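Heads up: the sequence lines are chains U and X, in that order. Mind the numbering: the first sequence is residues -10 to 102 in the working numbering, read in order. Mind the numbering: the second sequence is residues 127 to 237 in the working numbering, read in order.
Calculated directly from the structure, the hints in this document are not laboratory data. Just so it is clear, the structure is predicted and the values come from calculations on it, not from any experiment. Treat each hint with caution, since some may be false.
[Stated by the list, open to error] Computed list of lysine to any residue pairs in SDA-like fashion (alpha-carbon distance at most 25 Å, straight line):
#	chain 1	residue 1	chain 2	residue 2
1	X	K171	U	M39
2	X	K168	U	Y(-1)
3	X	K168	U	E42
4	U	K54	X	K168
5	U	K7	U	E59
6	U	K6	U	R87
7	X	K171	U	S13
8	X	K168	U	V43
9	X	K168	U	V101
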Amino acid sequence: EAQVTQNPRYLITVTGKKLTVTCSQNMNHEYMSWYRQDPGLGLRQIYYSMNVEVTDKGDVPEGYKVSRKEKRNFPLILESPSPNQTSLYFCASSPEPRTDTQYFGPGTRLTVL
Amino acid sequence: RKEVEQDPGPFNVPEGATVAFNCTYSNSASQSFFWYRQDCRKEPKLLMSVYSSGNEDGRFTAQLNRASQYISLLIRDSKLSDSATYLCVVPSGGGADGLTFGKGTHLIIQP
């Protein structure tokens, strides 16, 4: 089954404790991206990647890192999480972002205390 | 002018009615447009793509008005299961990625 998976689905952590949210897709898509969704603000892009070893900042990259060492994986790293990073995070992949469907993972609900 | 604007709603509509909502965009060069559906706390899923003047899929019709720079979504014979948030997505024209999501229109179908 074609899908995007994210882990963990739910996470409660404390300020400053490094964490990684994994994202994996099995559709051989070149494009992957991370979004956060907050009430009243909609989906905002954090980082995106057009291919292996090619990543770029989205609209809200501060406090986040990403890597794209393999085509299928695109982990999101929070080196020192803060409470303002409490949010619902979605990973997405697509063959070509401007013209093709974006496939979203199920989401990761993160709470930083 | 914001890149993509949607009326947040909520639109409260009786079951069986027809409902329509718009999305306005600022980048006149955009060639493709998308409507995504998002259920509460779940991932967005593609509902329809719009590449030319419009697209129809069953009860759903999306129309594009390039002159006025908006796309619309029409839902006929609405079902309770249509209750969701509908997100408009427009390529914004900037950078290699250039996708902009609207904040969504919340639709509630009432029995």
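Checked hints:
1. Taken as a hint, the X/K171 and U/M39 pair is honoured in the structure, with Cα atoms around 21 Å apart against an allowance of 25 Å.
2. A distance of roughly 13 Å separates the Cα atoms of X/K168 and U/Y(-1); the hinted pair therefore holds under the 25 Å criterion.
3. At most 25 Å may separate the alpha-carbon atoms for a hinted pair to count; X/K168 and U/E42 exceed this at roughly 29 Å.
4. In summary, the hint linking U/K54 to X/K168 is supported, as the alpha carbons are separated by about 24 Å, within the 25 Å threshold.
5. For the suggested pair U/K7 and U/E59, the alpha carbons sit about 22 Å apart, so the restraint of at most 25 Å is met.
6. Among the hinted pairs, U/K6 with U/R87 is inconsistent with the structure: their alpha-carbon atoms are about 36 Å apart, more than 25 Å.
7. Distance hint between X/K171 and U/S13 is fulfilled; the C-alpha atoms sit about 17 Å from each other, no more than 25 Å.
8. As the CA atoms of X/K168 and U/V43 are separated by approximately 28 Å, the hinted pair breaks the 25 Å bound.
9. With a C-alpha separation of about 20 Å, the suggested pair X/K168 and U/V101 falls inside the 25 Å cut-off, and the hint holds.
The structure is inconsistent with the numbered hints 3, 6, 8, although it conforms to all the rest.
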